[in-house]
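From just these sequences and the hints, can you work out the full model?
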Amino acid sequence: MKTMFKKETLGIMALAIGGVLLAFLFAMATGCIGGFSDENVPEGDRCNPLDSHNECASGLVCTGQGPSPAVPYCPENYCCSVDSNGNLNSTNPNCQPGCNGGAAAICAATKDPATCAVAAGMAPPSADGGTE
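Per my numbering, the very first residue in the sequence shown carries number 202; after that it's consecutive.
It should be emphasised that the hints constitute simulated quantities derived from the structure, not laboratory data. For glycine and all other residues, C-beta sits at the position ideal for the given N, C-alpha and C. Some clues are possibly wrong.
Using C-beta positions, here's what the derived DEER-type ranges look like [what the hints assert, rightly or not]:
| no. | residue 1 | residue 2 | range |
| --- | --- | --- | --- |
| 1 | P314 | I213 | 56 to 62 Å |
| 2 | P268 | I213 | 53 to 59 Å |
| 3 | L251 | D313 | 20 to 26 Å |
Now the structure itself:
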């Protein structure tokens, strides 16, 4: 009798764990920006510059993709607006130099003085040793 109870309990546990894992995987897949597609990603959200197309919403570019500018001192790529000359003009914190904490991450990893200056809220040093 105890053996049967243990087998039933193990079977129910396995089904419960499997169900939770499937629900988690489904939630992760549909929780991606845009669900199962990668179109119309809003400003300030991450994008993939290696995609063959611009996944950002109309009027936005994926920073670092092709001729699009990269966000200075930022390890990630975001959907940002640009002006008619192709310069970043977004007010979103992820589209600003240092990208809302990205410079701090680079500074912690590399100890680069220019990046650490940006992470501290200062202007980065210029090539001649002054500040830009």
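Comparing the hints with the structure gives:
no., hint, result
1, P314 - I213: 56 to 62 Å, "holds (59 Å)"
2, P268 - I213: 53 to 59 Å, "holds (57 Å)"
3, L251 - D313: 20 to 26 Å, "holds (24 Å)"
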